[in-house]
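Peer 1: As a plain string of letters, each chain reads:
Number of protein chains: 2
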Amino acid sequence: MLQAPSQKALIPFVSVENMMRLVHHIGVETLLEELAGVVEGDFRRWELFDKTPRVASHSREGVIELMPTSDGEIYSFKYVNGHPRNMSHGLQTVTAFGLLAEVSTGYPVLLTEMTLLTALRTAATSAMAARHLARKGARTMALIGNGAQAEFQALAMKAVLGIENVRLYDIDPAATEKTIRNLSDSGLSVTACRSSQVAIEGAEIITTCTADKQFATILTDNMIGAGVHINAIGGDCPGKTELHRDILLRADTFVEYPPQTRIEGEIQQMAPDYPVTELWQVVAGLAPGRRDDNQITLFDSVGFAIEDFSALRYVREKLRGTGFYQEIDIIADPDDPRDLFGMLQRAQG
Amino acid sequence: MLQAPSQKALIPFVSVENMMRLVHHIGVETLLEELAGVVEGDFRRWELFDKTPRVASHSREGVIELMPTSDGEIYSFKYVNGHPRNMSHGLQTVTAFGLLAEVSTGYPVLLTEMTLLTALRTAATSAMAARHLARKGARTMALIGNGAQAEFQALAMKAVLGIENVRLYDIDPAATEKTIRNLSDSGLSVTACRSSQVAIEGAEIITTCTADKQFATILTDNMIGAGVHINAIGGDCPGKTELHRDILLRADTFVEYPPQTRIEGEIQQMAPDYPVTELWQVVAGLAPGRRDDNQITLFDSVGFAIEDFSALRYVREKLRGTGFYQEIDIIADPDDPRDLFGMLQRAQG
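Residue numbers (my numbering), protein chains in the order written: chain A, 178 to 526; chain B, 178 to 526.
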C-alpha cells in the first residue's frame, strides 16, 4: 500500500490559476507597490547575495535560462525562456517558474508559476528604479511596445509613483488596442499614439518593452529631451537592444549587475569601460540617483535573479493563511533517510 | 470565473508516489537495464550535447546544484542538493527534481521528482560503465557504504552484468542490516563484512558510496588487487574523496566530463594533467575500455547532466499510456499571448 507522504515531502505549488487568485486577493496595485518595497529591501542588502550571471542555453529559436541566487538562508532559482517566434504560434514569448529552498537543508519550500510573477516583479522593479531615477512629480509615461508586460508596467508606475497619463505606441495597433481595453478601468488616462515620436511627447518616463530578438532602434537620440528617465526593459539578451547608442552617450546609466548587463543589456553596444552605476548603490545611499532635472537617466534593465528572489519570498509570505496553493509530493522522504530503497519496496501494493 | 487552463498550459508532474508506481509497473531490474541502455545511447552521441559544469551554490551545510544540458531538441535540468548532515535530522542527504523542455519553444514538457530517479540513473550509469570496464564474467561486487544508493547499485550490477554476490561494509552496522533486509528477495547472495578489507575479498567490482563531506580514505592502495574495477561514486564534490591517491597512480581512470570531474571527483587530488579517458569515447568505440585482466580500472563518477537527461527522457517515454502523473498548470497561456494582463483580469471571479 502507498502511504501518504509526510509533511517534509510536500511543498506548496502555486499554479497559474492560484497565482491569479492570489493577485486578485491582494489587489494588483497593492501587490505592485508592496513588491516594489520588497525588491528595494533586497537591493539594499545586495552585497549579502550570491550573484552569478544566469546560465543560458541559446538556440536558433530562443534561450532557456536558469537564474539562481541566495542570501545565505534562502536559495532561489527561476527557469525562464525567451522565444520571440512563439507568439506567432499562439505561445508566450516568455514563460517561467521558480523555486525557493532552505540553504541549510537544500529542501525546496515553494514551487510556483512565474510567468505572471515575472511580469509583476519586472514592473515593480521598474517602478522602484524610477522612484530613484525619474523626476519628482512625474505624471506622464510613454510605453513603447504594448505586449504582455505593458499593463503591469503602467500600473506599477501608477501605484508607486503616481503616474496619471500613459501614452502608447506599438508597431501593431492591435497590441495598443488590447492595452487600452485592459487599462480602461484603471483610472489612468491612456492615449494611443501613431508613432514613438508622438508617444514620448511630454513623457517624463519612457518605457521600452519590445520583443524582437535583434538590434533595433526604438528610440533615437534626437527623440530624447532633457530630464527624461528611460526604463529600457526589452533589450535583455545578446543581440537584442532597443536604443541608439548615441542615447547611451548622453545618459547616466544604471544597471542591476554589470557582468550580466554588459552582455545582455543596451550597454552591450558600448565599450567594456562604459561607465555605469549599480542601482543597489543608489538604493543603499552609496551612489547618487538623479542629480538634477535636466539629467537623462537610463535604467538598463535585463532582469536579475535577486528580483525573482524578492518576488518568490513575497509570494511565500502572502500565501500563508490562504488556500491558493496545492501541496505536491516532490521530495522522497523515507522514514529512515538511508532507506530510499525500502520506501520504494514498501510502496509495492 | 476562472477558466480551465488550455492543454498547452498543463505539463505532466510525476510525484514521488507516482514514480514509485511507475518503477514497480516496469520492474526495478528491467528499468535499470533499460535505463543503462538509454544512458549508453546518449553517451554514444555525447558530442551533440551542450555541456557545462553544474552551477553550484555552496554553503557550510552543503550544496545546491543546477545541472542543465540539451541535445538541441530537448533541454533538461536537474535541481539537486547534497547535505551530509541532513541524515541526522531525519532528512535525505540528496533530494532532486528535474524538468524536460522543448528547445524550440522553451515550454516545459515534464516535471518530475528525481530523488528516486537519481538513485536509479546513478546505478544504471555505474552498471553501464562496468559493462565496459569490469572483467568479463565478474560475479562478485563489494559495496562500501550502505546508504540510500546501495540496493540500486547492487540490482543494477545484477541486471546489467549478472553479478551474483554482494559483499557489504558500512561503518554503521545498521546500514548494512538495512541493505541485507532490502535485498533478501533479490536473488543476490549478500554477505555482511566486518571491514572494507574483508568486503573486497574476491570482488571483481568495488563500489564506494559513502557520504561524508571530507577527504576520506575508504580504500588504500594495498587493498586493491590486479584486475579490479573500482566504481567510485561517493567522491563527488570539492573536498569529498574516498580513495587514497596511490590507487589513482596505478589505475586507469575513466570520467564523465573532465572539467567537472577534476573539480569534484577523486582526481581532484591529482595534478591537472593526470591522464583520464572520457567514458563516452569508450562507449563510442573511440578509446579502449579494459585492455586486459590485470588492469585496474576506475570509474571516477560524479554524476553528469546527460545522465539525468537520459533518465528524464526514459521516464517521459514510459509514462505514455499510464496514469502515473498529475497535470499541473505551471505555464500561463492566455488566448492572445500578448494579453497576459487580460487573462489575469478575466480571472477575477
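By construction, these hints were calculated from the structure, which means they are not laboratory data.
Careful: at least some of the hints might be erroneous.
No copy is singled out in the list; a pair is fine if it fits within one copy or between any two copies.
[Stated by the list, open to error] Here are the computed lysine to aspartate or glutamate pairs in the DMTMM-like style, where the Cα-Cα straight-line distance is at most 20 Å: (1) K185 with E238; (2) K495 with E341; (3) K185 with E279; (4) K495 with E238; (5) K495 with E279; (6) K228 with E238; (7) K185 with E206; (8) K313 with D362; (9) K185 with E211; (10) K313 with E238; (11) K228 with E250; (12) K313 with D429.
Peer 1: If a hint holds in the structure, say so; if it does not, say that too.
Peer 2: Going through the hints against the structure:
no.: 1; hint: K185 with E238; in the structure: between (39 Å within a copy, 18 Å between copies)
no.: 2; hint: K495 with E341; in the structure: neither (28 Å within a copy, 55 Å between copies)
no.: 3; hint: K185 with E279; in the structure: within (12 Å within a copy, 31 Å between copies)
no.: 4; hint: K495 with E238; in the structure: neither (36 Å within a copy, 28 Å between copies)
no.: 5; hint: K495 with E279; in the structure: within (18 Å within a copy, 32 Å between copies)
no.: 6; hint: K228 with E238; in the structure: between (27 Å within a copy, 19 Å between copies)
no.: 7; hint: K185 with E206; in the structure: neither (35 Å within a copy, 29 Å between copies)
no.: 8; hint: K313 with D362; in the structure: neither (26 Å within a copy, 76 Å between copies)
no.: 9; hint: K185 with E211; in the structure: neither (30 Å within a copy, 31 Å between copies)
no.: 10; hint: K313 with E238; in the structure: neither (41 Å within a copy, 46 Å between copies)
no.: 11; hint: K228 with E250; in the structure: within (14 Å within a copy, 29 Å between copies)
no.: 12; hint: K313 with D429; in the structure: within (17 Å within a copy, 69 Å between copies)
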